[in-house]
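Engineer: Single-letter residue listing:
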Amino acid sequence: MTSHALVVPHDQDLLRRLKGQTVVVRTDDPASVATILTDTDRHDLRLRGIWLKAGGALANVEVDESWRRCRVALEVDVMGSYRVLRRRLGLLSGLRTRVYLSTREPENVTNVRVLASLGVACAVVIEQPVDWDALADLATYALLGLRSRGSIEPMHYLARNYVARHRTDFGAIYFDDPKNLLHVDDQGRVALSHRELLRGDVVLQSVDELSGLECVEAYQERIYGWQRHFLDADACACCPGWRICLGRYLGSGSSGCASFFEELLDLVEQYQARRGQGRLG
Amino acid sequence: MPNVLLTQRCVRACPYCFASKHMTEGAPDAVLSWEDFIYVADFLQNSGERRFPMLGGEPTLHPQFVEFVAYALDRGFRVHVFTSGVVSERTLEAIASEFRDEPFDRFHFICNLNDPEQTPTSASELRNVHRFLARMGERVIPGFNIYRTDFTLDFLFEAINRFGLQRTLRLGLAHPIPGASTACIRIHDIEHVIERMFSFRPLFERMRVKPGLDCGFPMCRFTEQQLGWLMRHGAGISEFGCSPVLDIGPDLTVWPCFPLSSFHRKSLLEFNSQKELLAYYRRIHDVVRTEIGGLYPECDSCWYREDGRCAGGCIAHSVGRFQSEARLRLPEVYL
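Residue numbers (our numbering), protein chains in the order written: chain L, 35 to 315; chain C, 54 to 388.
Possibly wrong hints are sitting among the right ones.
[Said to hold, decoys possible] FRET-style restraints, in silico, Cβ to Cβ: (1) L:A65 / C:R153: 26 to 32 Å; (2) C:R180 / L:R121: 49 to 55 Å; (3) C:G190 / L:S293: 39 to 45 Å; (4) C:Q278 / L:E141: 31 to 37 Å; (5) C:D353 / L:R121: 56 to 62 Å; (6) C:Q117 / L:S289: 43 to 49 Å; (7) C:L322 / L:V118: 57 to 63 Å; (8) L:A307 / C:R103: 53 to 59 Å.
[Stated by the list, open to error] Facing chain L, according to a computed beta carbon distance under 10 Å, are these residues of chain C, among others: (9) E120; (10) S150; (11) Q279.
[Unchecked claim] Derived list of chain L stretches under chain C, where covered just means 3 residues or more per stretch with a C-beta under 8 Å from a C-beta of chain C: (12) 72-78; (13) 111-121; (14) 143-155.
Keep in mind the hints are simulated off the structure, nothing from the lab. Computed from a prediction, not measured in an experiment: that's the story for all the values here. In this text, a Cβ means the ideal position worked out from N, Cα and C, and glycines have one as well.
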């Protein structure tokens with residue numbers, strides 16, 4: 035038994051092997067949510083949530099009442115037609131579902147605002163290409179806007195968790211948090227992130243070896259990976275925004291991340307100051 | 054209740070157009086973005102406002118018009134749209150299918166109709182308007198702007214009957230636009246206009262249509278008998294007011310009303326609520342009224358004006374007059 039939650043595929047044999055474990059079940063089929071709930075109950079698993087990589091348009095995803103029973107991280111490509119989506123808005127905003135939209139599609143930053151303003155919890159997946167100015171506008175809206183609404187991540191995560199002058203890792207929002215989350219494939223092999231799992235870059239050959247994880251060099255390197263920016267004295271080492279991005283976007287061909295995260299940090303501090311004064315909507 | 058301009062484009066060129074000065078000075082292609090639309094919705098909701106009036110230009114020309122209406126309804130607003138009725142077939146189809154089940158109170162149009170005999174109107178424009186009225190019918194409150202003294206209302210009664218429109222007729226005076234030369238009703242013609250309006254009284258009664266007066270009518274130019282009739286047959290109690298309506302442009306610029314679109318323009322972002330915004334423009338209105346009480350000399354000492362029952366006519370007349378005088382008045386009254 036490990037203290038890590040395991041992000042696993044919806045595979046009966048694997049689920050059976052993980053009895054008693056805390057899991058996040060990964061799927062790309064929206065219709066499988068109800069089955070996942072039944073299967074995790076049957077195998078006595080603690081279901082932290084479902085990571086549903088549905089792709090396509092949010093408007094075309096069939097959401098149903100069974101989703102009320104668990105948290106769903108719903109990854110889609112675009113919002114799609116608002117006129118179609120609005121018929122499901124009431125249900126969607128009442129669920130414990132967070133909609134993930136990537137910056138790869140420029141209109142997604144706007145659509146996150148549309149959805150959040152209607153009470154739907156959202157997360158922006160920050161991937162190249164990124165319009166950092168548009169993202170900064172969204173952050174301002176999320177944290178200092180006139181009305182309270184559905185949360186927008188990673189902004190609200192930082193607003194809730196940032197402690198002045200300490201580093202804060204928002205990776206958990208994206209299931210990229212090896213200190214607490216590990217990724218497992220249908221063979222039971224373990225990787226530190228989903229990306230590494232897809233590459234076949236595993237750190238353990240079996241979930242049965244989890245008790246030895248602390249001794250794995252790659253794991254240790256990842257946990258203390260943030261120190262590397264200072265040892266290498268790279269651009270992140272002197273960036274004020276590093277405390278909340280932890281160098282996540284270095285080397286990704288990104289420019290503009292420094293000013294964005296610096297601004298976001300400022301917004302987070304303003305948000306926390308206003309919350310302290312009871313001035314938030 | 055601020056009017057929100059979705060776009061500054063329009064397909065008509067009405068001789069009295071209130072927005073013409075604003076539209077010629079502004080960017081004609083400016084459209085309200087989703088981000089700013091959401092900001093306005095937040096602003097209105099934060100101010101306790103439940104109505105969302107959409108205006109243009111022609112608001113239905115906005116590429117996301119249907120989505121904006123749907124969104125505002127989903128946010129719990131009651132939406133009314135000021136339109137010319139010149140709406141593309143595609144948009145009309147989308148409106149009809151998307152909002153078919155919305156009650157009138159939640160979503161309706163106020164359609165500004167021109168008399169085709171008196172205002173140059175192309176055949177295709179007229180066809181478009183008729184198509185709109187035929188399709189939207191009872192979802193439409195007809196409106197008419199009086200900009201000439203020989204106006205008629207017959208065509209409006211005909212349209213109400215033919216298309217099954219709401220039996221309320223919104224009547225507005227075309228006011229002067231300071232700094233522009235649009236057609237309008239001059240102060241000395243107002244009495245005549247009121248007389249003419251009341252000459253249609255038998256038609257209003259026979260057709261069971263209720264007149265509703267827009268802002269800027271001076272109460273003292275109505276006879277006791279006319280006021281009594283308005284009380285009995287009018288759509289609500291006529292207020293003879295003139296106060297900041299508030300218009301919000303696609304770039305979030307704010308001004309008190311279209312005739313004063315160049316007057317003390319501000320950004321919506323400078324205000325936290327509608328109350329603050331109204332207080333700002335009311336103060337400027339008060340300054341103008343300090344200089345000149347209203348349209349007529351007797352407005353200065355009029356008890357009805359002091360009591361707030363009549364505003365003394367449209368303030369744009371006074372502001373327009375100040376611009377042609379030597380600049381000796383309080384600085385706030387100048388454009």
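Engineer: If a hint holds in the structure, say so; if it does not, say that too.
Structural biologist: So, going through the hints one by one against the coordinates:
no. : hint                        : in the structure
1   : L:A65 / C:R153: 26 to 32 Å  : holds, 30 Å
2   : C:R180 / L:R121: 49 to 55 Å : violated, 33 Å
3   : C:G190 / L:S293: 39 to 45 Å : violated, 54 Å
4   : C:Q278 / L:E141: 31 to 37 Å : violated, 60 Å
5   : C:D353 / L:R121: 56 to 62 Å : holds, 58 Å
6   : C:Q117 / L:S289: 43 to 49 Å : violated, 31 Å
7   : C:L322 / L:V118: 57 to 63 Å : violated, 33 Å
8   : L:A307 / C:R103: 53 to 59 Å : violated, 32 Å
9   : E120                        : holds, 5 Å
10  : S150                        : holds, 9 Å
11  : Q279                        : violated, 45 Å
12  : 72-78                       : violated (count 0)
13  : 111-121                     : holds (count 3)
14  : 143-155                     : holds (count 5)
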